[in-house]
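Sequence lines, in order, name chains A and B.
Anchor point for the first sequence: position 217 equals 217 in the numbering used here, and the numbering is continuous, going up by one each time.
Anchor point for the second sequence: position 174 equals 174 in the numbering used here, and the numbering is continuous, going up by one each time.
Keep in mind that the hints are not guaranteed to be accurate.
If chains are identical, the list can't say which one is meant, so a pair holds when it fits in one copy or spans any two.
List time: in silico EDC-like cross-link candidates among lysine to aspartate or glutamate, alpha-carbon distance up to 20 Å [claimed, not checked]:
1. K28 - E88
2. K194 - E231
3. K80 - D120
4. K145 - D195
5. K145 - E123
6. K227 - D98
7. K145 - D219
8. K80 - E123
9. K145 - D120
10. K80 - E126
11. K80 - D219
12. K28 - E123
If you are wondering where the hints come from, they were derived from the structure by calculation, not from laboratory data.
Since this is a predicted model, take the numbers as computed values, not measurements.
Number of protein chains: 2
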Amino acid sequence: MAGSNYNGYCLVYGGVGALGSGCVSQFKAANWWVVSVEVWKPTVEPDEGATLIVLHKHKDIVSQTVNVEADVNILIDTSKSIQNQESELHEAIGSLLDGSLLDAVVCVAGGYIQGNINSDFVESCERMWVQNMWPSLLATQIASKYLKAGGMLCLTGAKAALASTPHAIAYGFCKSAIHQFTKSLGHPVSGLPKDTLTVCLLPVTLDTVMNRQMMPNADVSGWTPTKYITELVVKWARGEDRPANGSLVQFVTQNFNTDITIL
Amino acid sequence: MAGSNYNGYCLVYGGVGALGSGCVSQFKAANWWVVSVEVWKPTVEPDEGATLIVLHKHKDIVSQTVNVEADVNILIDTSKSIQNQESELHEAIGSLLDGSLLDAVVCVAGGYIQGNINSDFVESCERMWVQNMWPSLLATQIASKYLKAGGMLCLTGAKAALASTPHAIAYGFCKSAIHQFTKSLGHPVSGLPKDTLTVCLLPVTLDTVMNRQMMPNADVSGWTPTKYITELVVKWARGEDRPANGSLVQFVTQNFNTDITIL
């Protein structure tokens, strides 16, 4: 990456999902250098025994865990402890950047489990913690080490978790934790590099191919286009129209029209 | 316990700490049958190889993990997985109750770590999750199985976590998760027994022996006496003056005078 003519450098944690690949595309359209971090799936990747793979852009590899638009793909083994994942990410990113720093770290990785306390509850809580909090914590650690002063850290919450979520209890309290975490990160003594902007995206339902397939009869006029969100993310990453530090940015779509409300 | 003349049956999760032992005393003063659940410390307890110990009231055993006022002490091994702890607790409590049900489950177990994201952050997050969320989740699972209709589940949050907590980031987001969890549990479809009251205690600083020792020069006029809180807990457990289901109950003390605010 050194000496290149990119407009910025960013890392997208969860770069293959609907929102993540949307971010990667939008950053590439803005001529940024982009790293995608995703979950390594042993059945998909051919490298036996590999636990952390840094794949430089390689058009021939198309799998569900690699984003071919990204300049670099980092695949992590989520069966390892968070401490192991942290040190492997640290090593991989440090070696990639080789002294350079990132302008933005965007974490859109997460998972959803429906259910109240009677539905394999303790198991669901552990899964939601690992799928939602771990990526947020790891992205934050990456930001603390490799973000430029004045850079951006963007996390992902959920508008639903601003109130009770009795139909998705474990999901709700993990997202709520990410909201409060964002508020703490937005404080000058959080430990992030000077003048970092930390924001959290709070979507409702995204208008994605998968959601259209899973809910074929739903009214999509209230679903938020991912592009609406990713355009804003890139704008903020460039330093334009930034919300206040620690903001929770709600996206509400009605009649195909999206508005944001900032908490 | 069967056939006894107690006014009620309760379980206090974390029954040896300042707030927990206060709850046990208050429930005993009201002539309730009380189980204390605490962390088993291998260096303290003599039973070698024991992982879950149910000790019926035994005045001879005095250790930091046994509450001698409680009718029964259950000691859990927190080095085990949450799933293991859950099934061991389930077995122990089911056998103790032998078909009876509890009127109240009160979880006051928790832990605190100061620090922003630069202070062994990932490690702190794991510890705060295990020390604060696990007891709340396990107490909730006990309530779901052994609480009477119309019983009470009381969890413990922190007033500080209603806003940002940049000086105690991991602690703050875990307590915030407990707040949102309480809101979900307060909903009729949460999965708790019919008409359960779920509330969450949000203290600031408690006036305890340990806090007075640790902060000898502090102004204690803003510290909340544990008795103020435990008297209310017992009142609610008896069905008197209950706040709305899902309430976050803040305790704010000024000039030695405590007021509650309900969110």
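Status of each hint after checking the structure:
For the homomeric pair K28 and E88, neither the shortest alpha-carbon distance inside one copy (26 Å) nor that between copies (52 Å) is at most 20 Å. Taking the shortest alpha-carbon separations for K194 and E231, neither the intra-copy value of 25 Å nor the inter-copy value of 47 Å comes in at or below 20 Å. For a Cα distance limit of 20 Å, the shortest separation of K80 from D120 across copies, 18 Å, qualifies, whereas the shortest one inside one copy, 23 Å, does not. Taking identical chains as interchangeable, the C-alpha atoms of K145 and D195 lie at most 20 Å apart only when both belong to the same chain, with a minimum of 14 Å there against 49 Å between chains.
In this assembly of identical chains, K145 and E123 lie within 20 Å of each other by CA distance solely across copies; the values are 16 Å between and 32 Å within a copy. Proximity of K227 to D98 under the C-alpha cut-off of 20 Å is found in neither arrangement, the shortest distances being 32 Å within a copy and 58 Å between copies. Proximity of K145 to D219 under the C-alpha cut-off of 20 Å is found in neither arrangement, the shortest distances being 43 Å within a copy and 39 Å between copies. Taking CA atoms no more than 20 Å apart as the test, K80 paired with E123 passes in both settings, with 17 Å inside one copy and 14 Å between copies.
In this assembly of identical chains, the alpha carbons of K145 and D120 lie at most 20 Å apart only when taken from different copies (13 Å versus 37 Å within one copy). For the homomeric pair K80 and E126, the shortest alpha-carbon distances inside one copy (14 Å) and between copies (14 Å) are both at most 20 Å. Within a single copy, K80 and D219 get their C-alpha atoms no closer than 40 Å, and across copies no closer than 46 Å, so neither meets the 20 Å cut-off. In the homo-oligomer, the alpha carbons of K28 and E123 never lie at most 20 Å apart, since the shortest distance is 38 Å inside one protomer and 35 Å across protomers.
Checked against the numbered hints above, the structure violates hints 1, 2, 6, 7, 11 and 12; every other hint is satisfied.
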